[in-house]
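S.K.: Here's the letter readout for the chains.
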Amino acid sequence: MNEPLKLKKAALQDLIDLLRREEFKVLGPVVREGSVAFHEVREVSDLPIGMRDAQEAGRYRLTPGVDGEIFGVVNGAGSLKPFFFAPHEILLEVRREHRGFKVRDATPAAPRLALIGVRACDLAALAIQDRIFLHDKFRDAHYEARRKDVFFVAVNCTRSAPTCFCVSMKTGPEAASGFDLAMTEMEDGFVVRTGSAAGERVVSKLQLPTAASEDVAKARARIDECASGMQRQMDTSDLPHLLYDEVDSPRWNDVAARCLSCTNCTMVCPTCFCHSVMDVQELDGNMSRRVRQWDSCFSLEHAHIHGINFRPRIHDRYRQWLTHKLASWIDQFGTSGCVGCGRCITWCPVGIDLTEEVAAIRAQRGKH
Amino acid sequence: MPSRRTKTRTINVSNLARVEGEGALHIRLRGGEISELKLEIFEPPRFFEAFLRGRDSREAPDLNARICGICPVAYQMSTVHAFERLYGITIDPAVRALRRLYYCGEWIESHALHIHMLSAPDFMGCDSVITLAEKDRAAVERGLRIKQLGNAIVAKLGGRSVHPVGACIGGFTRVPRREELAELREALMRERDDALECVRWVARFDLPAVERDIEFVSLRHPDEYPMNEGRIVSSRGIDAAQDEFDAWFEESQVPYSNALHSKIKARGAYFVGPLARINLNFDRLGTEVQSAARQTQIAWPSSNPYTSIVARALEVLYAIEEALRIIDTYEPPSAPAAKFELRAGTGCAITEAPRGALYHAYETDERGVIRSARIVPPTSQNQARIEADLRELIPQLIERSHVEATRACEMAIRNYDPCISCSTHFLRLEIER
Amino acid sequence: MTPYTIHPARITARRTETEGIYTFTMRLLDPSVRAAYRFQAGQFNMLYAFGIGEVAISIVSDPSEPEILEHTVRVAGRVTGVMADWKVGDVVGVRGPYGNGWPVDAARGRDVVIVTGGLGCAPVVGLINYIIRRRDEYGELHILHGVRTPNDLLYREKFDEWRRVPRTRVYLTTDQPDKSWHYRIGVVTELFDELNVAPSAIVMMCGPEVMMRFAAHALLQKGIGDDSIHLSMERRMECAVGLCGHCQYREHFVCKDGPVFTYRTVRRLFGVSGI
Amino acid sequence: MKPRIAVFKFASCDGCQLQFLNAEDELLTLASLVEFAYFTEARSRALDGPYDIAFVEGSITTPDDARRIIEVRERTRYLVTIGACATAGGIQALRNWSEVEQYKRVVYPSPEFISTLSTSTPISEHVKVDFELWGCPIDKHQLIDVVRSLLSRAKPALPGHSVCMECKRRGNVCVVVARGEPCLGPVTRTGCGALCPAYDRGCYGCFGPADDANMEAFTRLMASQGITGMDAVRRLRSINGYVRPWRETADAIAKNQNQND
Ligand SMILES: Cc1cc2nc3c(=O)[nH]c(=O)nc-3n(C[C@H](O)[C@H](O)[C@H](O)COP(=O)(O)OP(=O)(O)OC[C@H]3O[C@@H](n4cnc5c(N)ncnc54)[C@H](O)[C@@H]3O)c2cc1C
Ligand code: SF4
Ligand code: SF4
Ligand code: SF4
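Protein chains in written order, with the working numbering: chain F, 1 to 368; chain P, 369 to 801; chain E, 802 to 1076; chain W, 1077 to 1337.
Among the hints, erroneous ones may be present.
Unchecked claim - Calculated pairs, DSSO-like style, for lysine-lysine (alpha carbon to alpha carbon, straight line, at most 27 Å):
| id | chain 1 | residue 1 | chain 2 | residue 2 |
| --- | --- | --- | --- | --- |
| 1 | F | K205 | F | K6 |
| 2 | W | K1231 | F | K102 |
| 3 | W | K1204 | P | K633 |
| 4 | F | K218 | F | K205 |
| 5 | W | K1231 | E | K888 |
| 6 | F | K102 | E | K888 |
| 7 | F | K25 | F | K8 |
| 8 | E | K888 | W | K1078 |
| 9 | P | K503 | W | K1078 |
| 10 | F | K137 | E | K1057 |
| 11 | W | K1078 | P | K631 |
| 12 | F | K205 | F | K148 |
Please keep in mind that the hints were generated in silico from the structure rather than gathered at the bench.
Using the sequences plus the hints, can you model the full thing?
M.R.: Encoded structure:
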């Protein structure tokens, strides 16, 4: 059990076929609109073979990569978040009846998903969302329904984007848990480990051979190299206190002058969970739907109550975001709200980089 | 001043209802003669041709869409074709087909709107589509379905039906995948039947039987029913290239008003729109539409302006068939839009808006900034013709009640589906002397 | 069932407290939901107006009779605006109860100071009623209330009524008095000069944050511990179950960790703007 | 009695009022709930008022219209502007930076007959407006929501955050980051459903400025994409160019440009 196995590149199609036969909808990274996101995959050729991503703060491009490399693109704008915590969904249907009304829970149609090419940071982010939606006082039934019975094929990172800093956040580059299968890509195939009974079952059906020890060592070396070569870092020491103490840091004004308050960082973040709840009536007035959709602490409405806005300045909203992500999240859920995927850095149109902001706040600590 | 000797009567239609935009009609009769005819356009000028100067030509499709909320596609199409000629751009055949589809959507939408919401209430003795729905709900629902299909086609290619965002010089910003277009198929099939039913419905209307001496003008293409391309032809022998527009047509001021009317040089008023297109391109309609046309008992070509409503219904049917053909043969182009270099030059184009030929002409500087723009909308071309029709009609109205006279005048105007918002050129008509 | 599920309730009584403030009594329609429903003083419900939305409203009726739910609503905006039209017999939506409530058990046997400000703070009405109904179980009751103008004093008769309860004192003040005003003049904190309580007293506050900050200061001066001062916080609320994220007050979710916090808990945050 | 609704038109393209007729699925329901007392595009009969709700399309560009809007206001309980023209002055407000006399000469051979004001201004510069619906054109669903809210005697809920949130909810990839496209999304009000990015292009701002748009940061973003001077001015001075803070930002850039020239 848990002995590393070998999956030839050509056999990846067998894995996809097997999962499809078992009535999974198989999703993997697919090129769309100049980036990758998880979409349905039927053939291996649907994956971005031979491509890589060039990422920096505020810029993303797909570039030609290494021939035959299947998982060369580290990540794209789309995380796993939308599959479990939907961007827009109907929670309830309320219909007028006699002098009152009747409420019906709208249960989401949840296809059985198999996700391939999932990164360590994605799984870590999902574990954080589980903590929020499933393990708190109130369980979210819609999230729960979608989260059930998902099959995860993780890919350990052997290459990082310049915006990644999972090592600092202790979430990668190797998938630690939460997967059914975890693969490390080599020239001729993958070294595969199982992480669950479901994963065991799948590999036994595929009758995978044991991986050669050189392969296993090479895979290990690649992951280690990726970890040691990671370009971005964030010093997380004393983190809640640093941000709590530096509530008056001059850096908040500095970043507020640059921040568009556009909400992109929170939308692409795989852990942000804020949402708005609205009741939307049909025109005839007989039926109303309770809708929830992603919201963000960067919107002015987020902290508005009647007659007061608690966070009227961009200064307040950026501080809320960063402080929540890296500090108060730990008090709330026992874990940081950041997994170091770097999406908020890449997808911020003006390239604001939280690692840089934290470093600057740290550098100015107590000096103002 | 009312004269003591002769019987004077005025017909005032203070708000021309159920036309797009706001206008009024003022007629004064003395004896049997028209002493005053005032088609007043409330629509204030919006100066598109002026503010386009100094704008980047690539902005023009978005800006010009705002001339008219009912036929923005037409304004976008004349704009992009004019600039494509100016920049010497060749369009991928697949993009060309998509543009036809885009136009089909707008024709369907605009014609369905006109037939059911603006025009049919006249023939059914109702004041609006809402009261019409009380009389014939099925017909109204059918009209709404057809209209919705038209909007859906435009939205598929441009995101929304009013001021769609997808069209650009060179093509589209994004083109649909095959399966995305195929999603329209079911609705097109269903609405083909509705459109056929609609043709039968309008053909049963009690259309006034008049014969008018009219010169019809439209585009004509070697092998298609005209939309985006073709030569300018008329029922009295014009056959000219698009860039010869100015050689044949002129915008002038008529002596009794300050409005710019487009006229054929040395001949006068002409007629553009669905009836002109059908009259001049009957052979390009395809057998299905032709047979539906024959079943209407109208002799085509028709010189009765009231048959415009039937022409519109036939064009809806045509556009649905054409859309189906395009969708079924669609292969996405290699790129959504052709690349091009900005340069100084001049370019013009005419395309067939739902209401008729729409002429645009531009001049740019070497950075592609617009130096001058000219836009001649169909309603402006039809205006002299509308007035001519009214002059023929009015003497017959003398004995009729005010309500009936008003209705008759409005119906005559509505034949042209005038879109007063396209008022790049409209003026307030003042007749007092 | 999702935590967002709404339970229909019928309005059985409606009372106008003053222009723009209404008290609704309601009863849950589903017998099993009704039978299982329990709440504590200071907890709130999410009240739903059909098709319009939901807002957080405190329960002001007595927790010992959980079948009767009473809510006092002040008309503020979109949702509460519609509630103003609610009539007896209407069916409205309820889910809850949420939040932690007032520390009525910890207060037993102690002097109680209640400080409120601004426009009639509905949450404390339920609290005061609760204590008065169990008058023997509590020490001295001091009710301090500050308003900007006399017109903002919404429950004049209620204060007069409370004034007549044994071992209860009411202190009223305004910044901008008019002729009708025969109480104190000045901000609410000035009332603390008159206040004579043992350091063992327990304090419960509700009102604008500035007011609560100054009041807390004054009370600390009197030797009352920062963990004996309780404040009811307000933040935007859309879910009330700690999921939507709107009510965050740094590490706290006002809906599930509050709305009542001790001054000790929020002391460091109080007075920082933009949290 | 059914609430009486009126739809008025000033200088505009008709596209916003057309959204009533484009609500094909709702139109007949709507007609059963309200009375269209004045809606010339749809109905011949025109009643004088009073109206419960007046939807006003178009901007004020003539002396007559400046008088007419006051009359409309007097006969109306809730006045709702629909669209960029009524809410911001519209595309025709581009004249506000030019000599209108010269504009007349460009378009008309006999400019002396044209009666027009030198500016195109939003309705709110003339009378009190109760609710504003942004967009060029307005969004059909927002329109229906507003009607429904008013019928339910509730204030309409009209969000003011940027297009970006809707864009990401829709699953679009940011066109600025992935393609370097210029995009007004970060400073534009939500409401359209993030159409342009979904059609692979940048937003051109037809819903007007978002609440609290950081124009300084946005100007720097444009500059980093090579959009400076009059190019930047043109982007901001378009369909909603006459409304703050876009107007002020564009004016400031233009002024700077003139000083540098
Ligand atoms: C724990 C708690 C208890 C409350 N108890 C009462 C009470 O007993 N009686 C009473 O009249 N009011 C009470 N409020 C305030 C009440 O919730 C607001 O007045 C109400 O939400 C305003 O909603 P609106 O739609 O009318 O206003 P709008 O200004 O239109 O607000 C729009 C939305 O913002 C949010 N919002 C606005 N104001 C508040 C607010 N103050 N608190 C939370 N969310 C807000 C809501 O989601 C609301 O739907 C309480 C608030 C909290 C947090
Ligand atoms: S905060 Fe940024 S780096 Fe951290 S998880 Fe979210 S998107 Fe990724
Ligand atoms: S408060 Fe901000 S940072 Fe925290 S989850 Fe919500 S959107 Fe994300
Ligand atoms: S940090 Fe960047 S992405 Fe986030 S709100 Fe500010 S500008 Fe937008």
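S.K.: Next step is simple, just say for each hint if it's right about the structure.
M.R.: Status of the hints after comparison with the structure:
no., hint, verdict
1, F:K205 with F:K6, "14 Å, holds"
2, W:K1231 with F:K102, "24 Å, holds"
3, W:K1204 with P:K633, "50 Å, violated"
4, F:K218 with F:K205, "26 Å, holds"
5, W:K1231 with E:K888, "20 Å, holds"
6, F:K102 with E:K888, "19 Å, holds"
7, F:K25 with F:K8, "22 Å, holds"
8, E:K888 with W:K1078, "21 Å, holds"
9, P:K503 with W:K1078, "21 Å, holds"
10, F:K137 with E:K1057, "9 Å, holds"
11, W:K1078 with P:K631, "48 Å, violated"
12, F:K205 with F:K148, "22 Å, holds"
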